[in-house]
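> So you can see what is in the structure, the chains are spelled out below.
There are 4 protein chains.
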Amino acid sequence: MVNIGVIGYGYWGPNIVRNFYGLTDCKIVAVCDKSPEALQHVLASYAGIECTRDARDIFLSKTIDAVAIVTPVSTHYELACKCLDNGKHVFVEKPFTATVAQAEELIERASRKKLTLMVDHTFLFTGAVQKMKELIEQKMLGTLHYYDSVRVNLGLFQHDINVLWDLAPHDLSIMDYLIQTPPEAVVATGASHVNGLEDVAYITIYFPNNTIAHIHVNWLSPVKVRTTLIGGEHKMLVWNDLAADEQVKVYDKGVSITTKQDVYELLVSYRSGDMWAPKLEQTEALRVEAKYFIDCILHNERPVNDGEAGRRIVQLLAAADRSLKKRGRIVQL
Amino acid sequence: MVNIGVIGYGYWGPNIVRNFYGLTDCKIVAVCDKSPEALQHVLASYAGIECTRDARDIFLSKTIDAVAIVTPVSTHYELACKCLDNGKHVFVEKPFTATVAQAEELIERASRKKLTLMVDHTFLFTGAVQKMKELIEQKMLGTLHYYDSVRVNLGLFQHDINVLWDLAPHDLSIMDYLIQTPPEAVVATGASHVNGLEDVAYITIYFPNNTIAHIHVNWLSPVKVRTTLIGGEHKMLVWNDLAADEQVKVYDKGVSITTKQDVYELLVSYRSGDMWAPKLEQTEALRVEAKYFIDCILHNERPVNDGEAGRRIVQLLAAADRSLKKRGRIVQL
Amino acid sequence: MVNIGVIGYGYWGPNIVRNFYGLTDCKIVAVCDKSPEALQHVLASYAGIECTRDARDIFLSKTIDAVAIVTPVSTHYELACKCLDNGKHVFVEKPFTATVAQAEELIERASRKKLTLMVDHTFLFTGAVQKMKELIEQKMLGTLHYYDSVRVNLGLFQHDINVLWDLAPHDLSIMDYLIQTPPEAVVATGASHVNGLEDVAYITIYFPNNTIAHIHVNWLSPVKVRTTLIGGEHKMLVWNDLAADEQVKVYDKGVSITTKQDVYELLVSYRSGDMWAPKLEQTEALRVEAKYFIDCILHNERPVNDGEAGRRIVQLLAAADRSLKKRGRIVQL
Amino acid sequence: MVNIGVIGYGYWGPNIVRNFYGLTDCKIVAVCDKSPEALQHVLASYAGIECTRDARDIFLSKTIDAVAIVTPVSTHYELACKCLDNGKHVFVEKPFTATVAQAEELIERASRKKLTLMVDHTFLFTGAVQKMKELIEQKMLGTLHYYDSVRVNLGLFQHDINVLWDLAPHDLSIMDYLIQTPPEAVVATGASHVNGLEDVAYITIYFPNNTIAHIHVNWLSPVKVRTTLIGGEHKMLVWNDLAADEQVKVYDKGVSITTKQDVYELLVSYRSGDMWAPKLEQTEALRVEAKYFIDCILHNERPVNDGEAGRRIVQLLAAADRSLKKRGRIVQL
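Chains as they are written, first to last, in the working numbering: chain D, 312 to 644; chain S, 312 to 644; chain B, 312 to 644; chain L, 312 to 644.
Heads up, a few of these hints could be off.
[Claimed, not checked] Pair by pair, the computed Cβ-Cβ distance ranges are:
| id | chain 1 | residue 1 | chain 2 | residue 2 | range |
| --- | --- | --- | --- | --- | --- |
| 1 | S | 563 | B | 578 | 47 to 53 Å |
| 2 | L | 581 | D | 336 | 26 to 32 Å |
| 3 | D | 451 | S | 396 | 54 to 60 Å |
[To be verified] Over 12 Å on every C-beta distance to chain B, these chain L residues come out as not near it, computed from the model:
| id | residue |
| --- | --- |
| 4 | 392 |
| 5 | 409 |
| 6 | 504 |
| 7 | 533 |
[Claimed, not checked] In silico lysine-lysine, BS3-like type, Cα no more than 25 Å apart, as pairs:
| id | chain 1 | residue 1 | chain 2 | residue 2 |
| --- | --- | --- | --- | --- |
| 8 | B | 636 | L | 636 |
| 9 | D | 590 | L | 560 |
| 10 | L | 560 | B | 637 |
| 11 | L | 637 | D | 590 |
| 12 | S | 442 | B | 602 |
| 13 | L | 535 | B | 442 |
| 14 | S | 393 | D | 535 |
| 15 | B | 424 | S | 590 |
| 16 | B | 442 | S | 590 |
| 17 | B | 590 | S | 590 |
| 18 | L | 637 | D | 442 |
| 19 | B | 535 | L | 442 |
| 20 | D | 535 | S | 546 |
| 21 | B | 442 | D | 442 |
| 22 | B | 590 | D | 535 |
| 23 | S | 546 | B | 450 |
| 24 | D | 345 | D | 424 |
| 25 | B | 602 | B | 424 |
| 26 | L | 535 | D | 590 |
| 27 | L | 546 | D | 442 |
| 28 | B | 560 | S | 546 |
| 29 | L | 590 | B | 535 |
| 30 | D | 590 | D | 425 |
| 31 | B | 535 | D | 590 |
| 32 | B | 590 | S | 546 |
The hints are simulated quantities; they were obtained by calculation from the structure and are not laboratory data.
Heads up, the beta-carbon is just placed ideally off N, CA and C, and yes, glycines get one too.
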């Protein structure tokens, strides 16, 4: 049994509490938030959870084994340090930290204390991403040519971070999980129109062997789009996260090239076959992830979305933000 | 009555011939192509058109007033020079030329001889683009925040030009027509996977006042997408060129910002109202453009898609291609 | 303040409890269900609600003013009788009763005791239906030509009622609300394939003046569809209840007829203009309806979805079921 | 080589001429139409085709082997008689004839003279219908539960036949081809709103073993829909004839029923697996059908869409029309 404390009960905190609450191997013993209204909501919704406005009641608690940190990114480092230093396992909201140095420091502390450190890259635990991972590992797509993701909608504007830090962690963590190759460089462009923070951004990530990724994030779109195209040598797929059904469609399509005998001309030929939409696991991703966090603690296993994974995403975000500020200057990784 | 000669009867030439053939104020007198099969097809389909394999029969002809050049871009400059030098008005396929210098030279020659020079930016003449132009000129959208266009499908790979030169002229010419402001700089990224030419490319164009444009072109997509988002201060729109109906949807949506009294905090508020899909003119765009070319000749008017418009697009293409080759290095315009 | 008791906490009961619980002018004092697990769930989710397995604790309670009956249709009549006889206002799940006679009896009892009797025709309180009602009352569509509704998906099979009694109450109650004219006759067809109850059914309802309605309900569809077409003399609309946005689209389309002078030939002409998707109210329909029930009690107003509305739907269901059993024999109303 | 004459060059005739013209084993020698403008169009478009306004020039011609009759249904019988009597093979537009008696008479005459008689049920030759036929014959769907088809759009109103005779032949001929079982009875409902002819109609067809078909045809719909659902015991499919890609989607979904041991309760269980969209043949259906007509003549084979198939569709249309006129009275077949 893992006793859990939660720090932060704003936009995402209620989902964290609801999902851990529903598990059998753990128990939420306390929730901390600065807002009395938030805590009132906890008390009205759940029995047996202590509420506090002081985070020390969480990280200094004797009964708490693990802490979920669901606060703004600027506070992650300090809170996570306190938790780790007090021997708590840590589950921290994305993006992991505000800087790569902070990420490295946290990884080091968790490692030294042999504590589980997990970053909430929720999308990795969706049925869609799990299925795409499986298909890629089975080599069904062949060599990956590109990864193209669009995540746009109207708002919600953040007041402390731009659209890149707000939305791109989703796409970058999925990309990182599926491509499994260290990227070489990043180029990002964008603009701000409303509150001084960039609300439109485009990120290109260069990988070895001509694999290229591109992410479009936008807070100013009249329509909501969450679509990813992945082009492979053998097959290609489209993931529409907003589709009610058939979110992942795998196309038996491809392009190949031949050289005519005795001629220097390259011939391109196209192949087009069936489309197939595999059945996807429907369990709520955060439920799967919460259970995975508990399992990693109990069996002392290293999660795929560990601090190192969080650090890689922060590195990409920081590089992209730097490139964006310099109007697309390339940042080598 | 304008007598027309057509040079090139490959992929697009038949559409040019069919549309000019259907007009009343002009007459197609001759078609030139190197392929006897192509010419055979002309003879079988139309009465009264002379066929030749020698372009000189077109540009030296006494009876021909205007020439449509529908050949690969590498030949545009030389053919257009010959036509202009022999006093022919010129309608030339997009992209206008392979270099900005060639474009400037052709503009100069046409100007000197007072000949009409038009670049085939067909999309400007669609009902959708005409309607969007009208809405933007009526200030319905307000200040433009961004222009985002996606044009992807499987193939058709070109052997002489990359995906940027092949597909982006459409998006760039529409963007140029709608935004009507000189861009400041270009950043482009991309990669090649099949025949050594880039098959995936992303172009960012910076305009003054934080207006930003982005174009995604791709020959390796399993699905065909032709969607443009335009975000304005007051309204936003989506143009789906592949929709059977309601191609342009105008959203009464927006974001505004207020400053709380006595507080430094910026408040973002969202507005969401009706959606409206205006009825669009259904006439085939190329038919409208062909008629416009004839009208410009007959009334000695300067077309909106003149050599200068063609030059602007070539400048953007050349800049984007240069940026792409340098992995996103910014190119100032 | 209205004190409420709820009988039945199965599939729909939790939604009823949640929505009444969230209102300010009423208080849920007790919930009854035969299943201890269901009651356990109530206790875990809400503070201050008494639980009982005996419905008498509800309808004989001194503190309860109104009862929500959320049980299978076969029990509605008896439970509602008890509630009305004990002076409780009644909110009863659709379909209202199993027979027209039962419906009439309940109406009579409620009337005699001056109690509010409301049938849960939830869909009437959606933003979409409210907007369509408004457009029809404004005569925007003109004379209604037809109402066509499709409500199909895979399951959920009921064990006591066929697909007609299960799904068609939604469509019939919306149709009844929008058309506001007594129907003349019903023809229904269908078939059963799985458990002896019809799982596919088609209902035609004839109205005066050639207005026709048709409803397709199906438990055996691989895809979920919830689409209604309404054709009017001046405009037509499509309501897609599953669309994330733009659920109601109004088309400026129509057909008109003229007689050529001195000729007997009728000429049909078509009109096609803009499409418009009005912004819809987003509040949860059941919340709006629950509040409306409380308001009707407090202000002694007769609801639109009163017992009489419930009776009309039961009459249509019974007629359709009779027609269905006789392979489409017409049933006059 | 089969010499062909075509009678009728109105809406559909040009497609017939274009497709037969493109084949190698036949030659169109003459086209007949009452309108000089129509014939002018033939002359402008094709070389070597004689034009006439007198149908006798077709059916009395010595050189013509086969005649395509592409005229209004009221003329089919008389024209086909003349053609058959003069030894011509006949390809006749759908619906085959205006009455079942006429159909039987034509079948008899063709049989007596050993002539090929084909009814233009074009849709049977689409890649989609061919694929569905193949899947059904392979028993992939299992026993068919239902066939549900919707074919609606705005117009084109016919002046001589109602929407049932105009649009339903498509659906009925496809249904007849796929189900391959004689239907038992028909129930149809509908209404007219514009020119006295029914513009909205719903047809139910009862087959043995609880297989049921339903067809919705409508000339007054603001949106165009062409969707067919087929529910089988093992799998279900959706055919969307208007989709740009993936027109046929096969769902690994189903419902099965078990009886609890020692209990009378029936348990329904649901199965939901992958979706699969098979690649479809893209050749124009009318081209495939035209070639098939020529092949049947040359090899003296009986087409699947022979006079008998045409008669079955006319029988269904006549029965449905009779039922419609009597407000849904069942018509036994």
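> Of the numbered hints stated earlier in the document, which are not met by this structure?
1, 6, 7, 10, 11, 12, 14, 15, 18, 21, 23, 24, 26, 30
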